[in-house]
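Novice: Protein chains in written order, with the working numbering: chain A, 629 to 757; chain B, 629 to 757; chain C, 629 to 757; chain D, 629 to 757.
Hints were generated in silico from the structure; no laboratory data involved. On a predicted model such as this, the values are computed, not experimentally measured, just so you know. Errors might be hidden in some of the hints.
Identical copies go unnamed one by one, so any copy, or any two together, can satisfy a pair.
Stated by the list, open to error - Quick list of in silico lysine to any residue cross-link-like pairs, SDA-like style, CA-CA up to 25 Å:
(1) 724 x 753
(2) 724 x 743
(3) 741 x 670
(4) 724 x 750
(5) 724 x 747
(6) 724 x 670
(7) 724 x 708
(8) 686 x 660
(9) 724 x 752
(10) 724 x 748
(11) 741 x 646
(12) 686 x 707
(13) 741 x 630
(14) 741 x 635
(15) 724 x 702
(16) 724 x 756
(17) 724 x 690
(18) 741 x 756
(19) 724 x 679
(20) 724 x 749
(21) 686 x 740
(22) 741 x 629
(23) 741 x 691
(24) 741 x 702
(25) 741 x 683
(26) 686 x 632
(27) 741 x 631
(28) 741 x 633
4 protein chains.
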Amino acid sequence: MPQHSVTITPRFYETDALGHINNASIAAWFEVARITFVESLSEAGSASANSWILASLKIDFIAETFYGSDVIATVTGATAGNSSLTITCEMSQGGKLTVRGTAVLVHMDPDSKSPSRIPDGLRERLVAD
Amino acid sequence: MPQHSVTITPRFYETDALGHINNASIAAWFEVARITFVESLSEAGSASANSWILASLKIDFIAETFYGSDVIATVTGATAGNSSLTITCEMSQGGKLTVRGTAVLVHMDPDSKSPSRIPDGLRERLVAD
Amino acid sequence: MPQHSVTITPRFYETDALGHINNASIAAWFEVARITFVESLSEAGSASANSWILASLKIDFIAETFYGSDVIATVTGATAGNSSLTITCEMSQGGKLTVRGTAVLVHMDPDSKSPSRIPDGLRERLVAD
Amino acid sequence: MPQHSVTITPRFYETDALGHINNASIAAWFEVARITFVESLSEAGSASANSWILASLKIDFIAETFYGSDVIATVTGATAGNSSLTITCEMSQGGKLTVRGTAVLVHMDPDSKSPSRIPDGLRERLVAD
């Protein structure tokens, strides 16, 4: 699987009154990691956010995340079914694991708006080094 | 001008680490007030968010807004130019004025994507009691 | 378990470029349902968002959610462990199930910042009709 | 005045159903530019977001901002009054000016929660090259 990490600089408005980053912002960051990962697998111009829907999301909050230092979100696994793609992700801040997430995406045919088989080119890049 | 108020219940994630509602959330609430106001002026089915762009936004933060009690956002004025619509809004929480805002919207032709004259029907409803 | 539902009016900025409500906004709505549920169980003045942290979040997106009509978020289950509280929630829009979520909260001692047993009063209200 | 720019990578959830970046997200980005600018002027450890409140915000939306390429937010001016600091900012995407903003911050005494004179050290750094 290709290595994929994104650096996320927390923004002040992503904090909440508990003084840390709100859980919904972390859900949003996970989306950033997923979308950029899938874009990196796609042929130039051939894929878009439009091709995938999110079926399921699971996030374990291992430690609080704070404003003031960068977060590294790394895709740690990606497994393709017929039309589904399960992506796991870990986030860390200051070297400490903060978040572990799993998302199930479904590849959609934009015309019929129904699930469609993940293209072979994308599958091949998924298992490449 | 038709009376128009919306009640906004602050959501916890709209707070920030200063313990109050973040300014960007208030910008977003102002959008709620504007969009519902413009929808209320439009003939059923004839208007949509697609018909307007936001050209300018000004917000004065008179007092802090907190999580835990409702905010009332009231449109206090609306003046139509040829293609522009200037909307003023006040927000209050617990009877106290917290926010005063002004937005300039521009009516767009969705096909040409250029400014277009605000329809007469909407103008008439704007000056009706 | 006490009945608990909240009505959420989608806000325009919670949509994304796919034309529906973004998944992170739905995570945020789930927080609204959880927090108001826990507040409803607490004695007046005795509990606050400060007493709980979110350990885990799972959301199944059953159907797309759209701007333009209200969403009902209903707490469908709540099970207390020693310091943990597992809350399940369903959201529907226009009578159609759109989201099913599970969250695990942990009751915290605000002083020691470590998990602490859920108070008996709250446990009793949890199993009351 | 010290040069200050931040690069902001638009996140997918910051789009809205009109297919561009929502205005409230741009208000939030402006906060990122302001906060990092004020932090850059402050002595290490001496300043924090807690020292300032936002009194007023004005944003002109010159052109739409889209997902998919970075935005550069540059502080173009900063003028100190007694306790107020007026900051102007421009954002551009792909070399095109998209946003022009002005914010008025007020320096607060964290203890009395009332406006307090901007410290001399910060004033000096404000007019330094």
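Novice: Tell me the numbers of any earlier hints that the structure contravenes, in ascending order.
Specialist: 1, 4, 5, 6, 7, 9, 10, 13, 14, 16, 18, 20, 21, 22, 24, 27, 28
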